[in-house]
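Asks: For the record, the sequence lines run as chains H and F. Under my numbering, the letters of the first sequence match residues 1357 to 1632, in that order. Under my numbering, the letters of the second sequence match residues 8 to 295, in that order.
If you are wondering where the hints come from, they were derived from the structure by calculation, not from laboratory data. Glycine included, C-beta positions come from ideal geometry on N, C-alpha and C. Fair warning: there could be bad hints in the mix.
[To be verified] In silico lysine to any residue, SDA-like type, Cα no more than 25 Å apart, as pairs:
id, chain 1, residue 1, chain 2, residue 2
1, F, K45, H, L1485
2, H, K1520, H, G1491
3, H, K1462, H, G1375
4, H, K1462, F, K45
[What the hints assert, rightly or not] Sample of chain H residues lacking proximity to chain F, with all beta carbon distances greater than 10 Å (derived):
id, residue
5, W1386
6, A1417
7, E1420
8, L1428
9, A1449
10, L1466
11, T1546
12, A1554
13, V1557
14, W1565
15, A1587
16, L1612
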Amino acid sequence: MARAVTQQRKIINTTLAWGVGLLIFFPILWTILTSFKTEAQAIADPPIFLGFDWTLENYAAVMERSNYSRFLWNSIIIAGGSTLLGILIAVPAAWSMAFVPSKRTKDILLWMLSTKMLPAVGVLYPIYLICIQFGILDSKIALVIILMLINLPIIVWMLYTYFKEIPGEILEAARMDGASLKEEVLYVLTPMAIPGIASTVLLNVILAWNEAFWTLNLTAAKAAPLTAFIASYSSPEGLFYAKLSAASTMAIAPILILGWFSQKQLVSGLTFGAVK
Amino acid sequence: MATHHSRSAARLMMAPAVVLLLGWMLVPLTMTLYFSFKKYLPLRGGDLGWVGFDNYVRFVSSSAFWPSVLTTLTLVGGVLLITVVLGVVLAILLNQPMWGQGMVRILVIAPFFVMPTVSALVWKNMFMDPNYGLLAHLWEFFGAQPVEWLSQASLPSIVMIVSWQWLPFATLILLTAIQSLDSEQLEAAEMDGAPAHKRFAFITLPHLGRAITVVILIQTIFLLSIFAEIFVTTGGAFGTKTLTYLIFQRVLESQNVGLGSAGGVYAIILANIIAIFLMRIVGKNLAK
């Protein structure tokens, strides 16, 4: 008996799943909707869902008042820079672990992951001092380096996972044909590794974009990214829901879109290959 | 196979990552240890000399210490419980045949991409505010007294916010795992007359074991250092002071670096206990 899924069951599944999906998504939807309301409509009682006068004034106000573009720029530099630097350091490491594994490879990988467990707050003051010492407190370069370091274990793991799936025979064949190590990496490995590297980059950009311990504690006026920009809204002054929503929408939109496009790759990457 | 030459090349390629991480671990750690044995008040006299284990004793005997450990464990445990249980349920639901599955996935994963400061502020103001929040409107609609979420039920509220952020991750990982389950096995069990709950307990759940381990490991890493969600909602008030937050207050707010560093060492010890425990499981589970 081939178990035919009845139409009725499919309807129930669909309704349930969409209901739950919309419920989970609702806070984001509500934020986006509120960002187009006037401040008075944003706190109207009862709440207005769609029947309000759509306006862009909050976006204009946020752009004008808080120099949003500088925060955005800082976020882009910090997330992009730390990812780029991390990839440059992690690719050779992951490559060697995947293709020239030794007895210690697994231990090194686990050790790397365990450094992620080091509570950031435990080393906050030393890092703070080091930044002052080098004159890089409240600078983008400090955050690029720090975020690169905290995400490095994850980058190495992810790349290792992807590289391991590249069949070793191809590399051996290239070696037999007399390819040097450099040629092997450049012409054989790189093209095959690009998809894995791309999803690693994506995940790392997302993690760095949303990182909110170091970015809040090590920046002030100059290097503050969007996480700090939003946190400045935590002490409300007057009517501000609509502006808060506009600012929030602007802070999350780039990553939300990026994430949606790459959700499939993210899953396999984030589980370090443990779940297929 | 691997020649001696390629082996040393491999070590060289690994070196930058290993050296950097080693430095990242050891340098600040050594400094934290050093400060933890000193009376060090940057704004009130600076380095006031060695005090032995004074800071350690004071940190533990402060009335805020044990509650903060408990809060940390409650937060991490609560979020893990909610996300894993709901994640399994959601994964099973999303794995059923339906229309628009891809779209639902997109809706479900969205919270994962929202930065912690944004989600905390949105929840705090637009949902949990006792006057204008949507939940207050909802409560009033049903004739109930609106709850002051972040003061009356502060820790559960934060657990809720954080669970909302991490549920997508758990769901997606578990969904991926469930999709690799051999459906013939389930169908065979069904034909043999195994009821749904037994099929779940003896086939689906064991199959998900590995995925659940991964979810717990990765979430624990991130949950132990939860900061922004507390920073922008309660600021550590109303029983939401985790160990992380307590140390943050000692170091940055009261500028007592010695005391805060001793706290940092405790946090590192706590994290290591959990790490060793987790690494054992994961190492076992990931070894193929």
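Asks: Now, for every hint given, state plainly whether the structure supports it.
Replies: Hints, one by one, checked against the model:
A distance of roughly 16 Å separates the Cα atoms of F:K45 and H:L1485; the hinted pair therefore holds under the 25 Å criterion. For the suggested pair H:K1520 and H:G1491, the alpha carbons sit about 41 Å apart, so the restraint of at most 25 Å is broken. Restraint check for H:K1462 and H:G1375: the C-alpha separation of about 43 Å exceeds 25 Å, so the hint is violated. For the hint linking H:K1462 to F:K45, the alpha-carbon distance of about 38 Å lies beyond 25 Å, and the restraint is violated.
Under the 10 Å C-beta cut-off, the non-interface status given to H:W1386 relative to chain F is violated; the minimum distance is some 6 Å. Every C-beta of chain F lies more than 10 Å from that of H:A1417, the closest at about 17 Å, which supports listing it as non-interface. No Cβ of chain F comes within 10 Å of the Cβ of H:E1420; the nearest lies about 20 Å off, and the non-interface call holds. The beta carbon of H:L1428 is kept farther than 10 Å from every beta carbon of chain F, the shortest such distance being approximately 13 Å.
Once the 10 Å rule is applied to beta carbons, H:A1449 is inconsistent with being away from chain F; the minimum gap is 4 Å. For H:L1466, the requirement that its beta carbon stay farther than 10 Å from each beta carbon of chain F is not met, with the minimum near 6 Å. Every CB of chain F is more than 10 Å from the CB of H:T1546 (nearest about 14 Å), matching its label as outside the interface. At the 10 Å boundary, the C-beta of H:A1554 stays outside the reach of chain F, the nearest C-beta of that chain being 17 Å off.
Once the 10 Å rule is applied to beta carbons, H:V1557 is consistent with being away from chain F; the minimum gap is 15 Å. Separation of H:W1565 from chain F is inadequate, the least Cβ-Cβ distance of about 7 Å not exceeding the 10 Å criterion. At the 10 Å boundary, the C-beta of H:A1587 falls inside the reach of chain F, the nearest C-beta of that chain being 5 Å off. Not every Cβ of chain F is farther than 10 Å from the Cβ of H:L1612; the closest lies at roughly 5 Å, contradicting the non-interface assignment.
Hint check: violations occur at hints 2, 3, 4, 5, 9, 10, 14, 15, 16; the rest are consistent with the structure.
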